[in-house]
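Trainee: Modelling step: build the complete structure from the supplied sequences, incorporating the hints.
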Amino acid sequence: MQFDSFSSFLSMGGYAFYVWLSFGVTGGAMLLLALQSYLQHKSLLNTVVVEQERRARVKKARDNASM
Amino acid sequence: MWKWLHPYAKTEKAYRLCITLQPWFWIGAIVCLFIGTIWGLAFAPQDYQQGDSFRIIYIHVPSAILSMGTYVAMAVAALVGMVWQWRTAYMTMIAMAPVGAVMTFIALFTGAAWGKPMWGAWWVWDARLTSELILLFLYIGVIALYGAFEDKQQGGKAAGVMALVGVVNIPIIHYSVEWWNTLHQGATISKFDNPSIAPEMLWPLLINLLGFALFIGAVTTVRLRSEIIRRELHRPWVQALASSYYENKRT
Chain A
2 MQFDSFSSFL SMGGYAFYVW LSFGVTGGAM LLLALQSYLQ HKSLLNTVVV
52 EQERRARVKK ARDNASM
Chain B
21 MWKWLHPYAK TEKAYRLCIT LQPWFWIGAI VCLFIGTIWG LAFAPQDYQQ
71 GDSFRIIYIH VPSAILSMGT YVAMAVAALV GMVWQWRTAY MTMIAMAPVG
121 AVMTFIALFT GAAWGKPMWG AWWVWDARLT SELILLFLYI GVIALYGAFE
171 DKQQGGKAAG VMALVGVVNI PIIHYSVEWW NTLHQGATIS KFDNPSIAPE
221 MLWPLLINLL GFALFIGAVT TVRLRSEIIR RELHRPWVQA LASSYYENKR
271 T
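Line by line, the protein sequences are chains A and B. Just so we're aligned: the first sequence equals residues 2 to 68 in this note's numbering. Just so we're aligned: the second sequence equals residues 21 to 271 in this note's numbering.
There's no promise every hint is true.
[Claimed, not checked] Once the Cα atoms are required to be at most 25 Å apart in a straight line, the calculated BS3-like pairs of lysine-lysine come out as:
1) B:177 to B:33
2) B:30 to B:172
3) B:172 to B:33
4) B:30 to B:136
5) A:43 to B:30
6) B:23 to B:33
7) B:33 to A:43
8) A:43 to B:172
Bear in mind the hints are in silico, worked out from the structure with no lab data behind them. Nothing here was measured: the structure is a model prediction, and the numbers come from that model.
Mentor: Below, the structure written as structure tokens:
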């Protein structure tokens, strides 16, 4: 451990603002990217399912009409 | 010799490969980033000139190296798509572009936050910084060009040409600190025979570099899966996949 106490760790030898800003923005950017990728994937799968259900409904209505 | 590769040109096979690789990428990335970041922040010794501000190196250097590495990987994918007419190669290219763009953003941002206390300026129009900024624009250009085409195969080709032309920027970024007078310091870890960094500072850096690379792999597999679904919407296997996903969610 390079620091004597937790508060000296947080103060980063006087460079706290720059160090924690860098690590914070980096972590935030990486989290957002991962989250967006997963949400996009999920919503795509949902779109496919919704489309399938719509086709099934159309087919059913058509079958009923022709009977 | 390359025969084992051919099945992965098929989208379904590539999709399955992504599912297999994904957990390993995530586990590796989280473990490496955790160890590397804690080690770098709390246990690596102080720099004798820059004090604790040098700790930004543990995210700045990995993201900067990999912003270039991802670009080269993207260009290789574009080349494969053009030469062998692999549709999956273009999909891989476009899956990587946003990830590389985020890496470039991180490199630029952490560079600015490191430049302010060390050089006294958030930004200078210096060769290294400017060429890295151009890299960000190249990524954005590839994404935008691909998005502008209704026919995604055409879009892939157009964006692929742009990605390949942009490769010229990579050696410019790398050698910018040697070719021009610059504020930016020279290479730190690429001189393996005589590295200009102490081993107890170097190890966390290498671990974080691996962690960033695995993170890029993980996000790329997620995005490649989305891209495959988007392009193969009407294939029976995609339809079956989506309905089984829905079944799982309902039960």
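Trainee: I'd like to know which numbered hints this structure contradicts. Please list them from smallest to largest.
Mentor: Result: hint 4 breaks, nothing else.
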